[in-house]
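Undergrad: Put together the whole structure using the sequences plus the hints.
Chain order of the listed sequences is D and G. Going by the numbering used here, the letters in the first sequence line up with residues 18 to 119, in that order. Going by the numbering used here, the letters in the second sequence line up with residues -3 to 273, in that order.
What the hints contain is simulated information worked out from the structure, not anything from laboratory work. Relax, there's no trap hidden among the hints.
Going by beta-carbon spacing under 8 Å, a handful of chain D positions derived as facing chain G:
id	residue
1	57
2	59
3	62
4	64
5	66
6	68
7	69
8	70
9	71
10	83
11	84
12	86
13	95
14	97
Listing some non-contacts, in silico: residues in chain D with all C-beta distances to chain G over 10 Å:
id	residue
15	31
16	80
17	117
18	118
Beta carbons: idealized from backbone N, C-alpha and C, even for Gly.
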Amino acid sequence: MCGAPVQDEALDQTLPSNVDPATASIIQGRVVRDGEPVAAAYVRLLDRTGEFTAEVVSSATGVFRFYASPGRWTVRALAPGAAGSADLDAGVGFTEARVEGA
Amino acid sequence: MSREDVLVSADWAEQHLGQDGIVFVEVDEDTSAYDKGHIAGAVKLDWRTELQDPVRRDFVDKAGFEALLSAKGIGNDDTVVLYGGNNHWFAAYAYWYFKLYGHQDVKLLDGGRKKWELDSRELTEDATQRPATQYRAKDQDTSIRAFRDEVVAAIGQQNLVDVRSPDEFAGRLFAPAHLPQEAAQRAGHIPTAVNVPWSKAANEDGTFKSDDELRALYTEAGLDPAKDTIAYCRIGERSSHSWFALHELLGEPNVKNYDGSWTEYGSLVGVPVEKSS
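TA: The structure is reproduced here in structure tokens:
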């Protein structure tokens, strides 16, 4: 992959109408390898015991989003031949995560 | 019935692409996934618009299922190989649904779209054309489908397996965390249910665990082999995955999927609900 590394531009904070950022816990971020976003990675959210909670496929710009609850979470990404993970503490509102290496 | 009768590998699938009598069918939660690339020759089923009654909360009836499969070019004698994304939740749901209407030869592609993509196997955007058939369905086999009254009656009597994530079971979340938190009126689980998350039946690449691992999983969770079993989740797709593991892979005889699941049970008036801390 050539080209300038992707800048960490602000992630979209538009929410579905039934999600209230004053009470919901939104975990979102980007999957990145060598400074480039990784599209179509399998991104899973694991709870504090390591148990699977949800999985999404990253967007064309490597972006993923989960609707969770406050607490300790791990985001793990799988792509062909690569994987990476990131731990985070989520509160109410938006928590941003960056997963390297997938 | 053995594992090979109901579950095929990605290698097997590649070797049987385009073969007469075998139809690959993609079913996804993200119903646009197929259009961005699918296994060559596969047809698409939309679980939301094609498998559900458009008005009532129920499945399409027998005549509707016959019309659907006829239009898709699927014959009664065809081997149907189902696959999809999102860890096969909806492909497993479609498997259970095909069995509900009596299709004889259905198989799941082990690992589904996820393993296929992680293996960098070929996908195509080419449209699939299949000539229409005259499909004939059977009456619904309710020996594999549970309804709410029998679920309430099963409390403390049968094995109830809640296959949602621990946080949903405990009542901390209402839905999987990639979805907005909505749906049932109350959070929690059915009393006496054991929590065996569907994900424990699968490896990270989406393939099913071995029969020995699956047997150990459900035994350690406390399922009584002498009792009948009902599996449920939020809307019946993840529990189809666990139903497949219990009924099709392990050959447990009396296992039902409760497709009403938590979105129905958690909104019923007057039924008991438990939460855990």
